[in-house]
Amino acid sequence: MDFTYDDEQQALREAVRGLLASAYADHDARRTTVASDDGFDRALWGRLAEMGILGLPFSEADGGVGAGPVEIGIVCQELGRVLAPEPYLACVVHAGGLVAAVGSPEQKADLLGRLSSGEVLLAAADTSPGSRWSSHADGVRASVSGDLSTGSGQRAWTLDGVADPVMGGGAADILVVTAALPDGHGTGVFLVDASAAGVTAYAAADLTRAASVRFDGSAATPLGQPGRDLSASIATISDLTRIMGANQSLGVMQSQVRATTDYLKSRKQFGVTLNTFQALTFRAADMYVELELAHSMVDWATMMIAGGDREAVADAADRVGLQVSRSGRHVGQEAIQLHGGIGMTAEYAVGVGTAHLEVLDQWLGNGPHHLRRLSERVTDHDLVEALS
Amino acid sequence: MDFTYDDEQQALREAVRGLLASAYADHDARRTTVASDDGFDRALWGRLAEMGILGLPFSEADGGVGAGPVEIGIVCQELGRVLAPEPYLACVVHAGGLVAAVGSPEQKADLLGRLSSGEVLLAAADTSPGSRWSSHADGVRASVSGDLSTGSGQRAWTLDGVADPVMGGGAADILVVTAALPDGHGTGVFLVDASAAGVTAYAAADLTRAASVRFDGSAATPLGQPGRDLSASIATISDLTRIMGANQSLGVMQSQVRATTDYLKSRKQFGVTLNTFQALTFRAADMYVELELAHSMVDWATMMIAGGDREAVADAADRVGLQVSRSGRHVGQEAIQLHGGIGMTAEYAVGVGTAHLEVLDQWLGNGPHHLRRLSERVTDHDLVEALS
Amino acid sequence: MQLELSPADAEFRNRMREFFTTKVPQEIRDTVLEGRHLSSDQIVESQRVLNAEGLAVPHWPVEWGGQDWTDLQRHLWHEEMQRAGVPIPLAFNASMIGPVIAHFGTQEQKERFLPATANLDIWWSQGFSEPDAGSDLASLRTSAVRDGDDWVVNGQKTWTTLGQHGDWIFTLVRTDPEVKKQAGISMLLIDMTSPGVEVRPIELIDGGHEVNEVWFSDVRVPGDLLVGELNGGWTIAKFLLGNERVGVAPVGATKRALATLKTNAAAQLEDPLVRARVAELENDLLALELTALRVVAHSSDGEPHPASSVLKLRGTELQQSVSELALDLAGPASLASRAEDDSPQEGWARRAAPTYLNLRKASIYGGSNEIQRQIISRTILGL
Amino acid sequence: MQLELSPADAEFRNRMREFFTTKVPQEIRDTVLEGRHLSSDQIVESQRVLNAEGLAVPHWPVEWGGQDWTDLQRHLWHEEMQRAGVPIPLAFNASMIGPVIAHFGTQEQKERFLPATANLDIWWSQGFSEPDAGSDLASLRTSAVRDGDDWVVNGQKTWTTLGQHGDWIFTLVRTDPEVKKQAGISMLLIDMTSPGVEVRPIELIDGGHEVNEVWFSDVRVPGDLLVGELNGGWTIAKFLLGNERVGVAPVGATKRALATLKTNAAAQLEDPLVRARVAELENDLLALELTALRVVAHSSDGEPHPASSVLKLRGTELQQSVSELALDLAGPASLASRAEDDSPQEGWARRAAPTYLNLRKASIYGGSNEIQRQIISRTILGL
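Residue numbers (full-length UniProt numbering), protein chains in the order written: chain A, 1 to 388; chain B, 1 to 388; chain C, 1 to 383; chain D, 1 to 383.
Bound-form chain A, shown alone (with noise of 0.2 Å):
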């Protein structure tokens, strides 16, 4: 049992942290990448496809590194502390994650060799409105032409419905759609070219981008076999986006109770610093309770998935998502709190750091969700074992 970094991935998080301080120096670098019409650095993006960060969970014959989850956490961590607008969860860990798991040996070279060197860009569309983290499409329809039963020939997919949110939408080249199978068979996923597709970008509350799609009769091929249900691993995918999310979360709560500890050092109220006041450097305290709490939770999934089993992969993402929740609106309410006025404002990293965890949050899983998941487990066990 080893909570540590060995020193391949200590040198990965030095030269990513390196990477985005050069990118996102100060907040209003961020500020300026955020107003500009794809609200992300595609030259940073290009680095980072550079430095094999873009295809770092993909297997080398696939284009990638063949790296693991602690890598990409890292990643996700650093993208975290500068707030990074960049869809690397979006595009690399959820829309690469579904083609790495269900596409097809040559699907999976082409699409995923080209990801990882930044050529194109996927967006993952498998939330339609109204519906609420579910592996089980049902406001996109896919339409066979032919029967599905025959196994033979080649027949014409094409997609109907809305999807919304789908994180970095309006950037993407090629969209994967999860949509209802015809018939009850269940949910397939599919690759639709983004331009048979009605994207209308926008942004969320922490200015990253997303996109509502209609499908319109829209051309499709399905990712994999046709015709299968694909639900387990569209739900496998988002469980590890969610623990990928968690890391991420805990790079933004970080840095927020570093700014926040900073600014009751250096900030001046009635003559003294504000760190002369014992009811705020309590709070301050119970921040960093909760970060570490959550520390150790998105360390310990990350850790799980590596164990590849389905259900524990899925039982952590519930695990450090309820948790990230809980520490992520505690940090980031008393981050603004702490700061007064100066926190509520869009050109202080702080208050943004809070939209941001709230973004995570509902995009990959509430604290209820997840709540509600575990409650019904309760009696599936004894105890929870933190060691197998």
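Some hints here could point you the wrong way.
[Claimed, not checked] PhoX-like cross-link-like pairs, simulated, lysine-lysine; straight-line CA separation at most 20 Å:
| # | chain 1 | residue 1 | chain 2 | residue 2 |
| --- | --- | --- | --- | --- |
| 1 | C | K181 | A | K268 |
| 2 | D | K238 | D | K181 |
| 3 | B | K268 | D | K180 |
| 4 | D | K181 | B | K268 |
| 5 | C | K181 | C | K238 |
| 6 | D | K110 | D | K180 |
| 7 | C | K110 | A | K268 |
| 8 | C | K238 | C | K180 |
These are computed hints drawn from the structure, not numbers from a lab.
Please read these numbers as outputs of a predicted model, since none were measured by experiment.
With chain A fixed as given, assemble chains B, C and D onto it according to the hints.
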């Protein structure tokens, strides 16, 4: 609309406070009393009878004073302030309330007069091991010689089963027992002479007294018309008792906030009084906020009784029950914490008050219980109206 | 003790309810009830409707449009407005500078400003806080120096809410830098069209523009725009902050928001955990409302009552909690917060995140919750 | 990073689990697991079983019975004990005075006391707190004055846990009243059978007798019972308080208590609100346990890690929360807390209220949670 006491109510409060101040001048006096066999002060009980306090809830025709809920609430608050162990809630409000609600005119005149004069003590036996605040008896069963459906003739009733906890049961002369009627006819209420049952007295965590009562073919007299389902009345009297218990809890909390404030002003650590530490004074402020919110809800629920509508009273009981449960736990816990070690000791009132708050809560309906009932009703209304 | 309103008060409440729900334009009320953004024109229009009926500034002296109501009547007026979705009369006018001018102003100032203030012909802004003087207001540095009959003002104010619409601004300025800091402050009224006044927007984390910085560079202010005593500004500030007992906590609006949320929650209300959160909040709001009623009902009583700090502290916490519940109910739909109006996501869900973020201010502005706790522990508990 | 235990550590854990569940008497373990009261004889018996196997004081120096384990092994040892319901070796002996004597004591003191301390042949009590020196320990007033080779001790200690069973007491006493308060303190070991030592029980709100006042009236203490330097007691106190990194938070015992509670809850577990409280607590406990593991896993790393204050603060909060849940599940049955054993109410339900009340101490004794927050904000955050 008026939240103030009139002159008579003020006078009542002063009189009760004065009497209790002489009986329980300090916490040592309470300790001595609860260490006695009865666990309460029979002399004080006699003086309460003389002042008309025991007869407050009952009509003059029945030998009582015919006062309203506000007056009874005042008495309960004052009892709470000094943690008085006298079984006023159990004997007068609850057991007496049952007699007043369902007894025949003759039974009422007989029992309530003697109760008001302090001549007999009653106790309500409405809870069995495993039951939770239900007006439907399940642990005690009533049997009758002869057929229940034939209306005429003298029939002999007996009870079997266990009631526990029976608050004030050890000292009671007559037990007012809820029992399941034969053949699923609902729940009736019976009078049982304490000598006809197996009564084992014990102390609760706050050292007030309860009992376990075993009925083994015990002779019983139906209260009111024999064989009728009285569960609606039983529920209403429980609701009234809940509201009066909330008054008593309010008194406890008032004392705890005052004691804590005084302690922070006088106790020195690190060469200064504790009120120098902002983290502590802010927590005292939060205790005060809880106290005032509870106060408002207690006054409101007490006034709601006068309206007389059963459903409205049940709703008020749940609302004040939830509030007092939450506030009581907060105030009780913080009172100990802000006192430090001394708050843990039996010789200090503040920790015993915390025990008393929990006993009242678990006896009369705890927070989760009331929350569950309120949750079931959230879709029954648009807004909760404070004023009708 | 009794719960029923007197027949007169019940009749009063009905009259308010009737007026608010029939005479204030439906579109304005819907905007409020649905949590959408009010335009400044809507705020002005609504206040003028109220003022025409004598309902904009009932707590002012009668000769300046006040109504000599009891505190309970003011409370009912205030609650019914919120319940009906009527915008509360602009606080800077109705609750702040109006009462100050009525109390401290010269007869000339009263005649010049009060009618226009009540009718929102003048939109007032507040110039109190500065970058280094927030909770510690007395450290303010904006200076006013005598030059003949005029004052020359230099400095910077911040957190000026809705200052972009402001015609005039009431400011606290330092008129004597030599004395103890509270003793050298005065109140000046400044025409915001004066040369040297500049208003710069501050963007907030919800993307909205509701606060501003206001810069003063050699702004000349005629001497007759000093309110009250020279160097008596601190007294006015305390009067102003202690003035409010009614309407401190946004009870009615929060109740309304929670009721709306229940409707929006739809099938999610079948979840026992959601129901429990709603039930808990409804109870908390009831306790808060009753506490507000106790405050107004007690006001003739000599006994100390839970002061406005309790209402402010708890009221903002609950307002924030309702917004958290809304956000959790909105879920993924809340991500579409800056989507256009043709978004397929429901409006309430799209507004959930910005509202949640915006309401973080509730426990900061206008006396942070830390300040409220300090008032409670010092003033009420004597700690 | 990896989650699996190394084969050696996994084997170690199995060995501990095997020993604890087979060699420590079942009745003692059941008493712990069911939350009943342990007798002093049971505490002694259990520790002797452990000591015979070398498992009572593994963190002591090897020559005095220690095991030279890694922090992780100590953690596993500690968790497995709690999980199996094995009483943790008496803290006053194993964690407090033992390490102090091993570190600061003379060879003579070591030989005289350490074996008997490990085997609980001597039951140690702690004499630190005084009525006016709790969190502010340095203000202690109990005095020791030289008289020939002896010290004469006068004063009062309080909150002496289990002092009624004590054979010896280790005390902090003032040996120089003239200097800065921390500088005049020494540690003395005192035989509690000495003339002039009086132990008086303090009754707690749960009705139990677990703490005491200890009075010293002209108690003569031989000079060779001074530990460490004269006036060096504060150094020892800091050593003692900073000594513990493992086992600060009662994770294993709280997890076990929650698991037992699920069994006791029976049909109440069908209530979604109960399930949610359990799920929330299980998650909180997992996060705490993982944090404890991070602390032990990090100890070879130079990086600052969340110190024991986080574990203590959160651990006691969770311990208290579990007891609140137990009380709410017990409901009316909890009223029978002082009923005799033939009560028809279930044992766990009868113990719920006393346990809830007793555990209020967890956030007070041994460095209150306020002290822990202060350590975090000062030491870790630099505030």
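Taking the hints in turn, this is what the structure says about them:
1. K181(C) x K268(A): Answer holds: K181(C) to K268(A) is near 16 Å, not above 20 Å.
2. K238(D) x K181(D): holds (14 Å)
3. K268(B) x K180(D): The hint holds at about 18 Å.
4. K181(D) x K268(B): holds (16 Å)
5. K181(C) x K238(C): holds (14 Å)
6. K110(D) x K180(D): With Cα atoms ~30 Å apart, K110(D) and K180(D) exceed 20 Å; violated.
7. K110(C) x K268(A): violated (38 Å)
8. K238(C) x K180(C): holds (16 Å)
Violation of the numbered hints given earlier is confined to hints 6, 7; the remaining hints are satisfied by the structure.
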